[in-house]
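S.K.: Model the full structure from these sequences, guided by the hints.
The sequence shown lines up with residues 1 to 312 when you count with UniProt numbering.
Honestly, the hints are just simulated from the structure, not real lab data. The structure displayed is predicted, hence computed values, not measured ones. By construction, the Cβ of each residue, glycine as well, lies at the ideal position given by its N, Cα and C atoms. Any given hint could be a false lead.
[As the list claims (entries may be wrong)] Pairwise CB distance ranges, derived in the manner of DEER restraints:
1. E200 / P6: 17 to 23 Å
2. T99 / T188: 17 to 23 Å
3. L27 / A163: 39 to 45 Å
4. A198 / D18: 41 to 47 Å
5. G7 / A116: 39 to 45 Å
6. A62 / P6: 31 to 37 Å
7. P6 / Q234: 29 to 35 Å
8. R302 / I220: 41 to 47 Å
9. Q173 / K303: 23 to 29 Å
10. M170 / P6: 17 to 23 Å
11. T52 / R224: 33 to 39 Å
12. D305 / H15: 41 to 47 Å
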Amino acid sequence: MVVVLPGDVIANAAHASDQIKLGPGVLPTPDVPDTPASLTSIHTGALGHVVTKQRRRESRPATMHGWYVESAQRRYVPSVGDRVIAQVTNRGMESYTLTLFSAHPSTLPVLAFEGATRRNRPNLQIGALVYARVVNAEPWSEPELSCIDPIHNKADGMGELKATEPDVAMVWQVSLSLAQSMLRPQHTLLLNVSKHFAFEAAIGKNGLVWVRTAQAEHAIALGRVLAAADKSCQTHALASSGRGQGNGGHARDTGEHNDDMDVDNDNDDSDNDKANEHDERAKEEETPKTLHQRIRARGELRKEDIAELVRT
1 MVVVLPGDVI
11 ANAAHASDQI
21 KLGPGVLPTP
31 DVPDTPASLT
41 SIHTGALGHV
51 VTKQRRRESR
61 PATMHGWYVE
71 SAQRRYVPSV
81 GDRVIAQVTN
91 RGMESYTLTL
101 FSAHPSTLPV
111 LAFEGATRRN
121 RPNLQIGALV
131 YARVVNAEPW
141 SEPELSCIDP
151 IHNKADGMGE
161 LKATEPDVAM
171 VWQVSLSLAQ
181 SMLRPQHTLL
191 LNVSKHFAFE
201 AAIGKNGLVW
211 VRTAQAEHAI
221 ALGRVLAAAD
231 KSCQTHALAS
241 SGRGQGNGGH
251 ARDTGEHNDD
261 MDVDNDNDDS
271 DNDKANEHDE
281 RAKEEETPKT
291 LHQRIRARGE
301 LRKEDIAELV
311 RT
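M.R.: Encoded structure:
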């Protein structure tokens, strides 16, 4: 695993004929003319790299390199494309003011809904919850939200989050890392919970999870599952940060290194060392090898633990 700090340069990010897709935590290196393969980290965390093979087209390269920094930040910073859960705090003639439950208020135009017109537009009340997408996140202005998917020009599940009787709706706050991990299609936490009872959920990248169930007991049980997953996620982060650091430079390898140790002639100590080495190898085999596998497994719970939390 490679750890980067703000200002570290990621040289040779891709070949000249390939395309680069920037994820969170990286930007093109400034003051470097005609060198798109050089990137600069703006966050502290593990450096991730995704290579996607595409069909050859005349206008597009065959390979796309995606770079991002997986950081355990606690303060949400809006980014274009993020789907968030926001709450209406003020109403205006042309737009609503919403809070992202962070340091940034946001703006939602009244026409940024599917089928909205001047005569027919949604009437959101103060305190209403909205599932929206960040369309503008410039550092010198308030973030702008929209409830329309730019590709299909449809709502695509976005809009006001509400529940009608007898359904029950609740909002649970989780860590940003768990919310980001749950947004991955490979994450099975909510899939395993759905085997016990039916529910609807909306996951915001700002660390909020909205759920709607038929019974209040199910919503509370889902909250217990999220709390246990969040605790497991934080424990995993502490264990990862406790590993030894490697050499400095542009790439900081945080893999474990075995130093030369003095050999003890005691047979009992040798047996204990062999047993410990066997246990460590078994743990390494169970530990995901790549950063993507670690992120995907973050916050996962065993099916037995989920069943016990649901029955409690």
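S.K.: Each hint needs a verdict: does it hold in this structure or not?
M.R.: Hints versus structure:
no.	hint	verdict
1	E200 / P6: 17 to 23 Å	39 Å, violated
2	T99 / T188: 17 to 23 Å	31 Å, violated
3	L27 / A163: 39 to 45 Å	40 Å, holds
4	A198 / D18: 41 to 47 Å	44 Å, holds
5	G7 / A116: 39 to 45 Å	43 Å, holds
6	A62 / P6: 31 to 37 Å	32 Å, holds
7	P6 / Q234: 29 to 35 Å	23 Å, violated
8	R302 / I220: 41 to 47 Å	20 Å, violated
9	Q173 / K303: 23 to 29 Å	25 Å, holds
10	M170 / P6: 17 to 23 Å	37 Å, violated
11	T52 / R224: 33 to 39 Å	38 Å, holds
12	D305 / H15: 41 to 47 Å	45 Å, holds
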